[in-house]
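Here the sequence shown is numbered in this note's numbering, starting from 3 and rising by one per residue.
Check before you lean on any hint, since a few could be wrong.
Unchecked claim - Below, computed lysine-lysine pairings styled on BS3-like, alpha-carbon distance capped at 30 angstroms: (1) K152 with K50; (2) K172 with K99; (3) K152 with K99.
Said to hold, decoys possible - Derived DEER-like restraints, expressed as beta-carbon distance ranges: (4) Q108 with V142: 45 to 53 angstroms; (5) Q128 with R159: 27 to 35 angstroms; (6) K152 with E178: 18 to 26 angstroms.
Keep in mind that the hints were calculated from the coordinates and are not lab data.
Each residue gets a CB set at the ideal place from its N, CA and C atoms; glycine is no exception.
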Amino acid sequence: MEATEILMEEHRVIERVISALENQAGRMKAGSPVRTEFFLDAAAFIRKFADGCHHRKEEESLFMAMVDAGLSNQTGPIAIVLAEHEQGRMYTRAMEKAARAMAGGQPDGRDDIILNAQAYVSLMRQHIRRENEFIFPLAVRMIPPDQQEKISQEFERIEHEETGAGVHEKYHALAEALEKEAAG
Numbered sequence: 003m004e005a006t007e008i009l010m011e012e013h014r015v016i017e018r019v020i021s022a023l024e025n026q027a028g029r030m031k032a033g034s035p036v037r038t039e040f041f042l043d044a045a046a047f048i049r050k051f052a053d054g055c056h057h058r059k060e061e062e063s064l065f066m067a068m069v070d071a072g073l074s075n076q077t078g079p080i081a082i083v084l085a086e087h088e089q090g091r092m093y094t095r096a097m098e099k100a101a102r103a104m105a106g107g108q109p110d111g112r113d114d115i116i117l118n119a120q121a122y123v124s125l126m127r128q129h130i131r132r133e134n135e136f137i138f139p140l141a142v143r144m145i146p147p148d149q150q151e152k153i154s155q156e157f158e159r160i161e162h163e164e165t166g167a168g169v170h171e172k173y174h175a176l177a178e179a180l181e182k183e184a185a186g
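All chains, full assembly: derive it from the sequences and hints.
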């Protein structure tokens, strides 16, 4: 499987959590009861899977290969997606901080949870579309097939290094649990 296909499969898992996060933030905004820990669980998924594994594969392997093939990481599409990764990290930290405060009995965290969850959802939907429709096809054109195989191998190393054996599946299960909770 090509490196970009692996990343697109991971995008589908991330999109499930994004939809669940959007749903729960909307419920909270409407005044419906929502388990505060849902947002902590979503933040853990984002930190460990979306950012710690998926974005790390992009940043340390795929994007570096694109830079080696002549694309700048200081301007243009790579710089944009790298900035989006950082913005997503900021929204996640802020959402998690607000959820921890709310779980600790501070109800004023509610608005910050909603604001940052919705901002993350909006950013990541656009980000995933940009990568799927522009960055990844560009990578396929720029990076020779033999190097793409090396990138896929590097992905395996990163995945095992970041998540360890069986932990990747744990985050797929968490995505499913968040999705089910948001649907219920």
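So, going through the hints one by one against the coordinates:
A distance of roughly 23 angstroms separates the Cα atoms of K152 and K50; the hinted pair therefore holds under the 30 angstroms criterion. A hinted pair counts as satisfied when its Cα atoms are at most 30 angstroms apart, and K172 with K99 qualifies at roughly 23 angstroms. Proposed proximity of K152 and K99 is contradicted: the alpha carbons are some 38 angstroms apart, above 30 angstroms. With their beta carbons about 48 angstroms apart, Q108 and V142 fall inside the hinted range of 45 to 53 angstroms.
For Q128 paired with R159, a C-beta distance near 29 angstroms keeps the hint of 27 to 35 angstroms intact. Range check, K152 to E178: about 32 angstroms between beta-carbon atoms, so the 18 to 26 angstroms window is missed.
Checked against the numbered hints listed earlier, the structure breaks hints 3, 6; every other hint is satisfied.
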